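Undergrad: Once you've looked at the hints, dock chain B against the given chain A.
Those protein sequences? They're chains A and B, same order as listed.
Residue numbers for the first sequence follow UniProt numbering, beginning at 1 and rising by one.
Residue numbers for the second sequence follow UniProt numbering, beginning at 1 and rising by one.
Wrong hints could be hidden among the right ones.
[What the hints assert, rightly or not] Cross-link-like lysine to any residue pairs, in silico, SDA-like; alpha carbons within 25 Å at most:
#: 1; chain 1: A; residue 1: K167; chain 2: B; residue 2: E176
#: 2; chain 1: B; residue 1: K92; chain 2: A; residue 2: V271
#: 3; chain 1: A; residue 1: K168; chain 2: A; residue 2: R136
#: 4; chain 1: A; residue 1: K124; chain 2: B; residue 2: V283
If you are wondering where the hints come from, they were derived from the structure by calculation, not from laboratory data.
Since this is a predicted model, take the numbers as computed values, not measurements.
Each chain is listed here by its residues.
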Amino acid sequence: MLINPSSPHSDDGWLDRNIVDPSLKDQQPIVLETKQLHVYYGDNEAIHEGDLKFPEHKISALIGPSGSGKSTYLRSLNRMNDGIAKVSGEILYRGVDVNRPEIDVYEMRRRIGMVFQRPNPFSKSIYDNITFALKRRGVTDKKVLDEVVETSLKQAAIWDEVKDKLKKSALALSGGQQQRLCIARAIAVKPDILLLDEPASALDPVSTSKLEETLLKLKEAYTIIIVTHNMQQAARISDYTAFFNMGRALEYDETAQIFTRPKVQLTNNYVAGDFG
Amino acid sequence: MNPKLSNRIAISILYVIASTIVVILAALLGFIIISGLPAINWHFLTSPARAFTAGGGIGIQLFNSFYLLILTMIISFPIALGAGIYLNEYAKQNWVTSLVRTAIEILSSLPSVVVGLFGFLIFVVQFGFGFSILSGAFALTFFNLPLLTRSIEEALAAVPNEQREGGLALGLSKWETVIHIIVPAALPTILTGVILSAGRIFGEAAALIFTAGQSAPALNFTDWNPFNISSPLNPMRPAETLAVHIWKINSEGIMPDAKAISSGASAVLVISVLGFNLLARFVGHRLFKRFTAG
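Next comes chain A alone, as it looks inside the complex:
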């Protein structure tokens, strides 16, 4: 039996790795792209390779078992790992490598917003949660702020629930409402991309389905990259899915492809529920 290590095919028909380029598939412009991304925690390499391209106005899901590096990868995209991990390689945001020291990381994070696993509203009023970052950027016109509050909350599908208590503390909201408030807070600064790190993992099923509806509406205006533990969730809402294992993106393709006809055996085992 002859095994050629450079061949992507193993002898039983599976590929070792299958990364598609969405721009070739559906003609969408690529908003974010990583090349030769490596992430190290001290001497420990958490991401060996993550060469992915994210198309505009699509939801891309990152799935994989715990410790596969999908969250680390996501957090590297808007440089939340600065000072925690060493990230090498290129992160191209609309053609510009933002993983360079001279990049204004604050401006970059305003364009690439992030929502976290656990809802983290500030201990301020709902109104102040939304307007806080804008005020720090010098927006003081009350009319502008009021408008941003209303549109962001509407986009995040939480306006009807909170419009009468904008001055109340955000911490009094339920977990699901808090998470949608955090989405509203992220889109209030008018980002281009939204990164979501398991945004529904702390929510109950009803709140989760509301959140998913919200995301499906939001993709008309934003490019969304979401890390999720929940394969059904990835299947329900995403256009593209990347499967991570042991710090590598092993397969990246249209979601339907990943869940019905994966080309890499490990992906197949994972989506079939054999491990993870």
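TA: Here is chain B on its own, set in the frame of chain A:
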């Protein structure tokens, strides 16, 4: 012995220990307040002390105590806040920070009389502040700084990390995140720490005997120009505080009603410190509720 019995014995012993503490505290407070209460009236609280005749009050000492407390807080709070923010938000774990932490620990274990003598040498003699409120406030700052820094650091550490990430993810700088998100979120706990340390400062005597002095010159409560020597606000005047006054009356008081004055002053002191503690709980609770349930 079977587990059920041993558990019961352990619980009873713990009950006895816990109730002993409560009984001791209640007995102390009860004794001080009951023996002091008869001496307390409006005249006692507002009039100046008398050295040789009966009928003196503690008005000036009471004012001095509060003024010194406020001055100490004005000096020590910004320093403690800065140190706490640095230690919790910026400092990396290395030998510098561990040195700072060790220094804080040692500073907090210094006996207050040593702090007082040090303050005497530095502020009273070397800097030429004399026996003054300012010298006292600096000495008390040394005394207060370690605990206040520690409590602010702990209050900041209790704010979940998600809050910091939330700020950074919005494109805010670390400093903006700390000042506008983390510190406000920690405010109820910080305030509780401040008020509790205020209680300690209020009752401190040893550090003040050699710094703020043991005399309470008459004050003119109509003159609020801090540069006039008889003005209550003048920080360069000697200022005996309530706690020092109690110590002094008991060691060398020659007024005929010394015992009544000392009991009354002790009761006022204890009630004030108790008040600080209750206030700390109340304010912390209220702020917490306001921030969470608005």
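Undergrad: Hints first: check each against the structure and report whether it holds.
TA: Going down the list of hints, with the structure as the test:
1. With a C-alpha separation of about 22 Å, the suggested pair K167 (chain A) and E176 (chain B) falls inside the 25 Å cut-off, and the hint holds.
2. With a C-alpha separation of about 42 Å, the suggested pairing of K92 (chain B) with V271 (chain A) is violated against the 25 Å cut-off.
3. For the hint pairing K168 (chain A) with R136 (chain A), the CA-to-CA distance comes to about 21 Å; that is within 25 Å, so the pair holds.
4. Our distance criterion of 25 Å between C-alpha atoms is met by K124 (chain A) and V283 (chain B), whose separation comes to about 18 Å.
Hint check: a violation occurs at hint 2 only; the rest are consistent with the structure.
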